[in-house]
Amino acid sequence: MATTELPLPALPEAHHEEPGGIVDYLTTVDHKKIGILYMVTAFGIFLAGGVLALLVRLELARPGLQWMGENTYNQVFTMHGTLMIFLFAAQVSTGFANYMVPLQIGAADVAFPRANAMSYWLYLFGSLIVFSSFFVAGGPAAVAWTAYPPLSTDWFQGTGMDLWIIGLAVVGIAGILGALNLVTTIFRLRMPGMTMFRMPLFTWGVLVNQLLILFAFPPLTVAFALLFLERNFGAKFFDAAAGGSQLVYQHVFWFFGHPEVYIIILPIFGVISEVIPVFSRKPLFGYRAMVFAFFAIAALSFGVWAHHMFTTGAIYLPYFSIMSLLIAVPTGVKIFNWIGTMWRGSITFPTAMLMALGFILVFVNGGITGVMIASPPIDFAVNDTYFIVSHFHYIMVGGLLFGMFAGIYFWFPKITGRLLSERLGRWQFWTFLVGFNLTFFPQYLVGLDGMPRRIADYQIERWEPANLASTIGAFLTGVSVLFFIWNFVVSIRRGAPAGDDPWEGNSLEWVTTSPPPSHNFHHLPDIHSERPAFDYRHRGDPAFAAAHTDPTRNPDRG
Amino acid sequence: MQPRRRVPAVRWLAVTATALVAAGCAPQSVTEQGRAIHNLYNLFLYIAAVVYVIVAVLVIWSVIRYRRRDDELPKQTHGNNRLELTWTAIPFVIVLFLFAATIQAQNKVLDPVAQPAVKVTVTAFQWSWRFTYEGTGAEVIGTPDRVPELVLPVGQPVRVKLVSADVVHAFYVPQTLFKRQAIPGFTNEFDLTFEKVGLYHGQCTQFCGLQHPDMVFRVRVVTQGEYQSWLAAARRSTAAGQPGT
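Residue numbers (numbering that gives the first Met the number 0), protein chains in the order written: chain A, 0 to 557; chain B, 0 to 244.
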């Protein structure tokens with residue numbers, strides 16, 4: 000009665016390798032294993048990008064050049080941004096999505112499992128192409144992650160730049176393929192009763208995020224194609240002397256570049272919207288408003304790209320200013336609805352919840368400085384200074400990483416069957432919270448005082464204390480990541496058994512085993528609301544039973 | 000509940016918050032145009048600080064007040080349309096207000112002066128600056144090792160025509176709270192009216208290759224008399240083929 004027996008999907012019988020072996024992972028088309036591959040790869044890239052960040056902080060701790068030359072420094076920060084933005088931030092949530100979305104909608108796999116594997120392998124090899132630029136003559140690109148021409152076309156001569164373009168273009172194509180797959184999966188493979196407005200918020204976040212990828216990555220691929228042609232075949236797209244314009248690149252790049260921010264952060268909003276209701280033991284406050292806010296943010300995100308170009312003097316400022324300011328409204332709705340979810344709840348504080356709370360506190364900080372720089376005159380003052388660096392790290396490091404770790408602590412038990420250590424989790428949380436703010440808050444101040452970004456050396460001595468604090472904070476953040484790695488290594492072998500539903504979760508992944516079987520579910524409950532696992536847990540409770548026999552609440556049964 | 004012990008913590012928090020907001024205030028501007036930016040920035044900052052404090056207090060209050068005390072399931076509320084409309088409408092109104100303030104300030108910053116007293120073409124190149132004083136024959140050229148000085152008269156509107164000789168650069172004097180990109184093939188024009196005599200640090204802020212950090216310049220703002228005698232000397236050395244820095 001309460002469960003639907005599933006017809007078992009026909010499983011490919013091609014490989015009999017022991018499950019979990021290397022050959023299994025090399026040949027798998029299982030969305031869960033591909034999800035794990037994505038997450039592990041993205042995390043590896045995150046560590047590489049993090050080491051580069053520490054090198055940047057090391058050099059900037061004091062004025063003068065102590066550790067590396069200017070060229071090396073330029074390569075280090077260029078590759079830090081490249082790895083973090085293109086190869087880590089936009090990809091790690093694709094890993095989560097791969098693993099969790101089919102589970103959350105009660106599907107056995109994604110719509111196109113083989114294409115899914117292809118997306119991952121393209122992502123891996125694209126990333127390796129980018130990494131290979133470390134080993135060619137001239138080294139990796141030293142043109143900043145935005146790669147503005149003519150710097151990236153005429154000035155930087157090394158092969159590293161071409162490998163950068165090709166590798167990232169391959170990763171971009173992998174992203175488009177993956178997006179087609181996940182969007183189709185969400186539209187077509189939801190189990191009976193799982194209407195759109197009963198989908199978990201994480202799945203909604205992924206849907207909107209992947210739609211953004213579908214619209215934003217093609218222009219990025221175009222930007223890279225134009226760069227490549229200009230560099231290697233003397234095309235004149237950006238050459239003013241030949242009637243081209245450098246501004247063309249800025250427009251195309253940022254038409255991708257700003258939606259990219261939301262590509263990165265929307266699935267994280269989804270994670271937070273899963274974690275907070277579970278640990279507040281209440282439904283998400285204003286479910287529909289949260290969904291509409293996703294779409295409002297996504298729509299606005301395509302109308303704001305030129306706020307990255309306020310200082311070009313070639314932009315109609317009021318339009319891009321008001322569009323950018325307006326994004327604060329749906330984002331604010333999300334923040335207040337999360338607080339509304341906690342309000343009068345019954346809140347517990349495992350690491351996943353701590354990370355979600357940390358997320359709100361740092362993300363709001365990045366959000367309000369985002370409102371400030373949506374105003375062109377303020378942007379004239381702080382653009383390309385450390386104020387901007389701090390602002391987007393509050394979004395990216397603060398927002399993305401706190402949210403990512405919330406997701407990891409939340410879903411690790413589902414994926415591995417074991418719990419991460421809460422004691423080490425708390426160590427990680429507090430060192431991260433303190434280290435992060437110590438790194439980036441001083442950068443607001445030193446940026447306001449005029450310190451430009453992307454400089455290996457600074458001549459102004461009063462900038463030193465802020466930079467030193469920042470460096471100490473960065474290394475403390477590094478320590479917090481070490482706590483995580485330690486926790487991961489210990490817990491994956493000896494962590495406490497998690498059981499199927501350690502958190503009393505709301506969505507369908509908590510109904511199946513931990514880890515789930517290869518076809519995901521042995522049985523599925525009927526879907527009555529956006530909290531099927533909650534309903535299933537309380538199915539004997541007369542109050543809930545009465546609520547669910549009301550035919551107006553469940554059109555599929557009427 | 001021990002309300003008496005909370006007071007020092009609250010006071011400490013208030014002091015810290017005030018100090019942080021004060022530290023986050025924009026530096027004073029040395030140009031007329033920059034004053035509008037300074038005021039706008041501080042307006043945004045105060046509103047931002049209030050918003051942040053409201054959110055933080057609500058979060059911290061929830062965390063303290065609604066921590067789990069027993070196994071009873073809390074009331075399962077799904078939302079409240081009136082509340083949600085309120086916290087959509089209020090930010091919307093704030094945003095419109097900020098936009099109006101933005102437009103007002105922006106006009107003060109960008110409206111061209113009718114009669115600029117000095118016109119300078121600033122050419123950015125890898126990795127220094129050239130300042131060409133229009134109609135005077137005076138020119139200043141810097142190198143990464145010899146920091147060039149842009150000498151300007153105090154209290155006079157100066158029209159800057161900004162161009163680039165190679166890649167994208169940006170002209171930035173922190174104490175004017177203003178910057179502009181120098182884009183190849185495109186001339187950017189803006190006005191600066193310095194209100195205080197002094198020596199100000201300037202720097203390229205758009206990453207432009209190997210020696211980007213060395214692309215520094217100074218603005219020396221002097222009285223009208225000093226400016227005229229400097230201009231005469233600069234004209235002579237430029238004519239002699241030795242433009243100064």
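Hints are computed from structural coordinates only; laboratory data are not their basis.
Quick caveat, the model's predicted, so the values are computed rather than measured.
Watch out, some of these pointers could steer you wrong.
What the simulated footprint calls covered on chain A by chain B, stretch by stretch (three residues with Cβ under 8 Å from a Cβ of chain B suffice, anywhere in the stretch; the number is not a length) [stated by the list, open to error]: (1) 117-128; (2) 305-314.
Over the 12 Å line for every Cβ pair with chain B, so calculated as not near, a few chain A residues [unchecked claim]: (3) Gly19; (4) Val28; (5) Leu46; (6) Leu228; (7) Gln245; (8) Thr340; (9) Ile367; (10) Ile377; (11) Phe379; (12) Ile484; (13) Asp500; (14) Pro514; (15) Pro515; (16) Tyr535.
Only part of the chain B face toward chain A is listed, based on derived beta-carbon distances under 10 Å [what the hints assert, rightly or not]: (17) Leu19; (18) Glu194; (19) Val196; (20) Leu198.
Just so you know, even glycine gets a beta-carbon here, dropped at the ideal spot from N, CA and C.
Exercise. Looking back at the hints listed earlier, which ones does the structure fail to meet?
Worked result: 1, 7, 8, 9, 10, 11, 18, 19 and 20
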